[in-house]
Structures are given as C-alpha cells and as structure tokens.
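K.L.:
As a plain string of letters, each chain reads:
4 protein chains.
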Amino acid sequence: MKNKLNLVLNIENDFVIPVNDIDIGKDFVLIAGPCSVESENQTLEIARAVKEVGANILRGGVFKPRTSPYDFQGLGKLGLKILKTASEETGLPIITEVMDVRDIELVNEYADILQIGSRNMQNYSLLKEIGKIDKPVLLKRGMNSTVNEWLNAAEYILLGGNKKVILCERGIRTFDWEYNRTLDLNSIPIIKSLTNLPIIVDPSHGTGNQSIVKPMSFAAIASGVDGLMIEVHNNPKQALSDRKQQLNLGQFKILSAKIKELYEFTKTLNQ
Amino acid sequence: MKNKLNLVLNIENDFVIPVNDIDIGKDFVLIAGPCSVESENQTLEIARAVKEVGANILRGGVFKPRTSPYDFQGLGKLGLKILKTASEETGLPIITEVMDVRDIELVNEYADILQIGSRNMQNYSLLKEIGKIDKPVLLKRGMNSTVNEWLNAAEYILLGGNKKVILCERGIRTFDWEYNRTLDLNSIPIIKSLTNLPIIVDPSHGTGNQSIVKPMSFAAIASGVDGLMIEVHNNPKQALSDRKQQLNLGQFKILSAKIKELYEFTKTLNQ
Amino acid sequence: MKNKLNLVLNIENDFVIPVNDIDIGKDFVLIAGPCSVESENQTLEIARAVKEVGANILRGGVFKPRTSPYDFQGLGKLGLKILKTASEETGLPIITEVMDVRDIELVNEYADILQIGSRNMQNYSLLKEIGKIDKPVLLKRGMNSTVNEWLNAAEYILLGGNKKVILCERGIRTFDWEYNRTLDLNSIPIIKSLTNLPIIVDPSHGTGNQSIVKPMSFAAIASGVDGLMIEVHNNPKQALSDRKQQLNLGQFKILSAKIKELYEFTKTLNQ
Amino acid sequence: MKNKLNLVLNIENDFVIPVNDIDIGKDFVLIAGPCSVESENQTLEIARAVKEVGANILRGGVFKPRTSPYDFQGLGKLGLKILKTASEETGLPIITEVMDVRDIELVNEYADILQIGSRNMQNYSLLKEIGKIDKPVLLKRGMNSTVNEWLNAAEYILLGGNKKVILCERGIRTFDWEYNRTLDLNSIPIIKSLTNLPIIVDPSHGTGNQSIVKPMSFAAIASGVDGLMIEVHNNPKQALSDRKQQLNLGQFKILSAKIKELYEFTKTLNQ
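First to last, the sequence lines map onto chains A, B, C and D.
Just so it is clear: in the first sequence, position 185 is 184 by numbering that gives the first Met the number 0, and no numbers are missing.
Just so it is clear: in the second sequence, position 245 is 244 by numbering that gives the first Met the number 0, and no numbers are missing.
Just so it is clear: in the third sequence, position 199 is 198 by numbering that gives the first Met the number 0, and no numbers are missing.
Just so it is clear: in the fourth sequence, position 155 is 154 by numbering that gives the first Met the number 0, and no numbers are missing.
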C-alpha cells in the first residue's frame, strides 16, 4: 500500500452491515434484479421471482451511466417509485446507483443501499458526499482501478463518517476483448487480507456473458466472497440495457439454489 | 465506431475555437502552468515566466482529484481568485478543472476554458451540465478509455449545445508500470481522421517524467496536434503534487522556443 | 473465433488423455512439485511428500526461461535424471518444460508429459515439432495471449498429428502490478464451451503469491477445471526461483485434501 | 532496473554498427520492404523502388510467425535466395527474421542483419545462439514486454559475445483494440537514457494501419530514434500478409523524402 489507509486497514474484526434481516459481512447476501428498471410490471415480476428463490436484496438501475448519450438513460425518479412499490410488495430492500451529488438526497429517500458505479469510483465529490450519509454504500471497483486505488476510494467514504462500505469486484479491462471482460478473483483474498470490509462479486458485469455467469458465481463463492450481485431479467433479449449478460428467471432459479449449497460447503472447507 | 456519433463526426470543416487572441484548431496553442495553484506568489511567478516565453494560456488546478483523501485537495475558490489575479497581470486566459456539477457556475465565473479531467471523462452528469454552458471545454481522455468512448463523451457535451470542445490525449494505462505511463500518439491521427474537433497533448501526464517531456512534446507535434499542455513549476521538487513530471522554468523556456520552430517546420512537411 | 480452428473445435466429445492410472479430461489431475529441480535430495523429498497426499503427477523445471541471463537457468540433463529417479521411486509420472526444438528428443526420453511454457506459446517452430511426437503436451497460455491465439497455438500441435493437448491457464498480465498477476478464470468456461480439450489451472503462477494459492485453487475448481498444477517446495524461502509463490509441504498437504473434497462436491452441483 | 544489466547499461558512448555504407547509431537508417517475400518479381520491384527513394536496407520475411497454422508461413530458403538476388541487383543489404535455432546458420549465409521478432523476444534458446554469431541483430520488443524485460533480452545476446544489437520498438498491446495497436514512443527516450544501443521504430506494426504510418513515422523521428523500418508493398491489397498496414510504392516515395528532411531538422533542435 503506497498510501496511508488508516480507516480501511483498521476496520474492526467482526465488521457487519445489517440490512433488513441479514448481516452483510457475516451472512451470505444474494442481490438480484434487472440491469435497468424499465416498467412497474417488469420490475414487479422480477422482484417476486427472485424473492421466491432466495434473493435478499433487489437491484435495479434508474440513473444509468451509458457510453453513448443516445442510449437509454434510465427512468430516474419514476424508477425509484417503481423500486419502492416492488420493495413494499416483496419485502426486499433496494439497492440502486447514484451518479450525481444532487441526486443523493432523492435516492437516499428510496434506497436501502446506495451504489457507486465503476465509472464513478474516482468521482471524489460524490465519494465525499456519500461519506456524509448514514446508509450502506456498495462501492464498485473501477474497471481499470488497482486494488490500492479502490481501497483509497473506500477511505474517502469512511473518512466522511460513513462506515457501512461494501466493496464489489465487477471485472477489469484487459487486452483480451474477444470475450470482453476479466473477472479478477485474485482481488478477493487480497482484499480480505487487507481489510474487514465485506466484499461481493458481480459476475454479470464481470463476464458480460450470461452463459458463464453460473461457473463464475461458483468460482467467486469458492474464492471467499460475502455475496453476489446478479442481473436477472424476465425477458433478457428485449432488455433496454445489458442484453447479453442478464439471466432469465429460470436460469436464476437454478443458480440460486446451488449458490447457497456451495457457500455452505465452502464454509466447512475453510474451518 | 460502434455508436452513432452524429455531432462529433460532423463538426464542420474549418472548426476553430477563439480564446483571446488565438484560434484553437487553427493556431498552435501552448498551455502551461503548475499542476496545482499553491499560493499567489508561486502562481504569479510561473505565470509571468511562461507568458514571457510564449505560452498562450495559463493552467493551474484548484479542485484536485487525488487518489488518496489525505493528499492535497486544492485551494478551491481561493485558487480561482489567484488564477484571476495572474490572468489580469499577464493577460493570459485561464484553464482549470471542474470536478463537481455544483462548482460549474463558480468555475465558469473565473475560467476561460473549463477542463474535464481523466477520472471524470465518463461522469455523465458533469458532461451534461458542461454541455449547457457557453465556454470552451477541454476534455481529457480517460486513462483507460478507448477512442470510441472518448468521442462519445464529447458527443454528450456537443449534444447539450456546447460546440467548443477541445480533446486532450494524456496517456493511457498499460501493463508497463516501471516507467509508469504510455502516451498514445496513434490516437492523434485517428482522431483527426474522424472529427474536426481540435486535439492537444499533455506530455506531462502522458509521461509522468519531466526528463522525457521534451522528446515527447516534439513527437506530439510531429504527429499533428493542435497544441500542448505542459506542467511548469518554479520549484518542482517542493510542489504539492506531481513532483516528478513538472518542468522548471528554465526547462520550459528552452522547450517553448523549440516547440514553435518544430511546429512551423512540420506544417511545411504536411503541405 | 476469427480464425478457422477445425481441429480444436472438433475434438471428439469424451476426449481423455491417459497418463499412468488416471484419465486426464475425465479424472481430476493434481500436478505438484518444485518450480525448479535443484538437487536430488530436494526433488526426492518433495516428490515423496506430494505423492503421499494425493498428487498424481510430479512437476519440476530443468530448462528455465528466465528474464535475466544471470538468473538460475536450470540443471538441464542432470535435472531430467533426477526427475527420473524421483519418478521411479514414487511411481509419479513426470512433467517438465521443453524450450528448444533441439531438446525435444532428450526431454521426450525422460518426461511423461512435455510442457510448453507461456513465453513459448507462440514459438511456432517448437509447436510444430511437438506436434510430431506421441506424448501428452501441456500448453500454457501466453501471459498476454487471447483465448483465440491460445487455441490457434493448440491447433498448430494438433495439426502436426499430436492430439494429446492439455491446456493450462496461468494468469495474464494487466494494468494492476501491485499484486502482480490476474488469474483469468473466465477463460475456463469459455474454453469448455469451444473445445473438449482438457484444461487445468496453475494457481501458483496465476497469483505469484503463496498466500492466495488456496482460495484461487478453490475458485479454479468451482469454475470447472480438470485439474491443478501447483508449485510445492520443501523450503520455499531458499528456492532458486519463484520464492514467493511456492507452497511448503505442510500447506500443500492441507490444500490437497480440500481440493479433492471440493471437486467431488462441485460435480454434484453440475449434475 | 530490477535486474543487473551490466552489458546493456555499459555499451560504450559512441556505439555504432556499420552496415554497408552507413553506421547505424550514428546515421539515420531507413529499412523498407514487404512484410513477406512472395515472389522474385514482387521483391525485385519493391527493392528497386525503395532503393531509388533512399532506403538503406531491404526487409522481407521468409519465415513467418503466424497466429494460425493455416496462414501463409513464408517461402523459407527460396525466399532467402530471392532476397539475395534483390540485394545483388540493388546493392541493398538484407534484414530478415529467424525463428528457429536450426535456421540460424542458413539465414546467416544470406542476411546482413538477423531479426528476432516480437513473439520470440523471450525465446532464450534463440537469443543465446544469436549471441554467438558475428552479425548485427535487430531485437524487436515483445508486444507485452516491459522496457526492463526487453533490455534483459538484449543482455542475453550481448552476454553471448555479439555486441551488434539494434533495438526496435513495434507497438504494444493495450485495452484499446478498436484501433488495434499502441506505439509506445515513451520507450525511445527512456531507452536512450539507459543504454547506447541504437533504437529504431517500426511504425507499420506499431499502428497496424497504413493511413497513420506517415504521422507516426514523423512522431518517431521527433522522439529521437536512429531509424525506421517500414513495410512497403507493390500491391498491398493483394499481399499474402499484413494487408492493412503496408504502404504502396507511391506512399513510401512521398514519405521517405519527408523523413530525411525532418530528421535533419530535428538534429538542429537537439543541439
């Protein structure tokens, strides 16, 4: 570590972040939901389905950081209301991304966990403001950020006073573009050796390819993560974003059962 | 180009951005100044020195995006006032970075050109707001952004109505960390073949190493750029940021004379 | 796949490579041993220890591709004899690297599997000659080779007539050098979807760090590999090469027991 | 430098390698010719044309390292004879690649400079054998080799006794694959600061794109190189390899005139 990281390196030993009925960092957390909130029907159908098979938290993007300004930019406040409806019906807490300091207050009203996306991992204005609120924050790794830079980004939030930081590995950018993404699982045990912050993996963005989400979910669990965040859609081929990487409801059902089994088994291995 | 880029690709043929007495995109522009504004004395001394040897625009950071929260974060509004004083004394227009949508109005009051830094190249909230103002914007390439992503970021600004976009190549991140940075000059003729937006190079960040700023400035000019942005400090070894890459006043004096000569010569080559 | 890969893509469905009493591609294979063969005592001690806890094949380098010409270059033919002695005593088949076309005949006399190292993955003269022999070949991925280039290298060997190719993922080179290596497990299910060639993982080179070999071995198994190759040394701190990444005998003993358990469990998950 | 590099770092001050009538390292050297030798007619036509406009050395591949075994593998010995014929007619010395230790003797009979290609930069058997011959060697940088690894490869050759090593930067592999290659010109002044070995640039492989070979040739010269190696073909669109990056004869004629002018001008800048 080239920089001092007093807070990240000294998070106390049995650090957990309670969200609803689970303790993130202690209990395995399964976050699932669509890339983008597209409509109430879509979101409700997905929320009910993932709840039924064991998801603990509902994800869904309403402010979308898109490479092109002509791509779908998200439903904004309407999307937050849809998420709230889905949450009330299913009992699932909500996680969604905030991209703009001016939206923090609004998102904070609706969401149970605020997400900082990869492209904003070094948006220091945003990190500083997020440090002032009292809600869990999921901090995704930038797609070309080193482990050290990632932990420094966490330090910005912790320094502001918010100690509820959850890290999320989501793949990095390398020379091999044929198959698009490289999920850096080496980072999991390295992060675990440096800090007690919980860390989860997003195999959907980490692969960009629904056909290998299952084995990479298994690999992530075996590497020691505290949870997974998986994109699930009721009709991936018609999705308004990330069509190639979202699982359909049937795929997620099969996967979620096996995830819990493997997690329990892995715990016995590490005893 | 995978995405439609209507505006970037259709900027009219003889596109120039007037700033003070020069037309960026037609005249060669030399931007110089310290990484960070540290004090009035420091900034004035540097401003006078770079003006005397031919710089056209004064740079200086007041809001600093730093990897660690414990590093110097910039002087903020006080820094803007110092830049203004230096501008009034020397007649040099000012460029400085804006990192936060809430600071745009303030920075816009003081600066002649607003800079979007590498870490914010995909901060789409910021790009959209910058698209609404009527001042030139320097858009730095993200350190792992493809040419296509960079042009899409420019498209966000153009789509907002602001057509005064200047691109700035500043080096990318690759596997070779021993010498730190890779200045991607291939991007210059590629960008030139795709758009008429002016493009300059920042050899200070593009090398991270003052000892090779001179040859890489020459290389950038020979590759066809419209200008250079170079970090210059009156005492680099004591600088509050970027100590290894800033030129001292004597080095800049020698370099600036040669830059103009080479630029003129290169024009004859391309006739 | 940009290139035609007739042979790689058409390896028959239940492709297995018998080595001694196991069928690679069907049975899980655990390869273990020192980075370099250093002496008879060292090699015998390690061979006995890894055999006792379940290793199926003994590895050990005798021709070493070293970045610097001043580093230990391996024992050459003497090393092969030592490996043979260890093999005869323990019954373990031997795998060792061949770097030079002129050494193939010699190595072929002693080794049960010939290894092509990362730096030679695109040494086409070597691949063509290896294609002519009738022994299993372990083809490591180049550290900046794409999946497509890797499969094309396998095609060179298959085209020569040798169908006994085992692939080995060993980590790639990315921008993050602080922790040195990135083990690209995404490649495992991708390779599995494209060919029936067996594929194993080398978590020692894939991490460069003995302290995370265990979790990454688990992750590799969960991702679906056919085996692991792990560097084990009786005294890693005094090793003549790769000191940071070799497990000691005690670490390997613990790991090998858990590996087999996890492999068996993972098979039930995928039924 | 992490490794000791006694020989590379201590090459005497005014190190030059005489080839025919020029002193490489002192005089600017322009190497030109086709990617592959395809026929006597093709090679002779190109050789005459490049000679006429100022090329000093003729290049042409006869042993070709191709990603796919189904791609054109080169004419081998017949190609060497064709090169010899072209050399005798035009007076141009010849450079060609050697990939296999068993071919060194043969290539050495025909070629004036032997080339080690990117894929073989860490083929240490080849480097050691090349170290034993008494002819200039052009050592290309591996496409993901660090500067340190490249200099260590040169050290292997020097240690064998051959002091006539010319380095050649040819672009590295990065995350940006849309435009294919990144020519790392930062390496030129860095190499110049570490050793007195001559260094040239190959802008054809460094760009992969004939349309930007001209500006990148200019940039390379301005960065301080000792020469250029450029692929030229009489009919690039029908070439058996590298169709996108070879210049036609007319393009090369224009470029070669300007190259010399710029080189002379650049020398005055550095006085």
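Calculated directly from the structure, the hints in this document are not laboratory data.
Among the hints, erroneous ones may be present.
Which copy? The list can't say, so a pair holds if one copy fits it or any two copies do.
Okay, derived cross-link-like pairs now, SDA-like style, lysine to any residue, Cα gap no bigger than 25 Å in a straight line [as the list claims (entries may be wrong)]:
{"no.": "1", "residue 1": "K266", "residue 2": "G160"}
{"no.": "2", "residue 1": "K131", "residue 2": "S67"}
{"no.": "3", "residue 1": "K50", "residue 2": "G207"}
{"no.": "4", "residue 1": "K134", "residue 2": "G159"}
{"no.": "5", "residue 1": "K3", "residue 2": "K243"}
{"no.": "6", "residue 1": "K191", "residue 2": "G249"}
{"no.": "7", "residue 1": "K236", "residue 2": "V15"}
Predicted model only: the values in this text are computed from it and were never measured.
K.L.:
Compare the structure with the hints numbered earlier in the document and write down the numbers of the violated ones, lowest to highest.
P.N.:
Structure breaks hints 1, 7.
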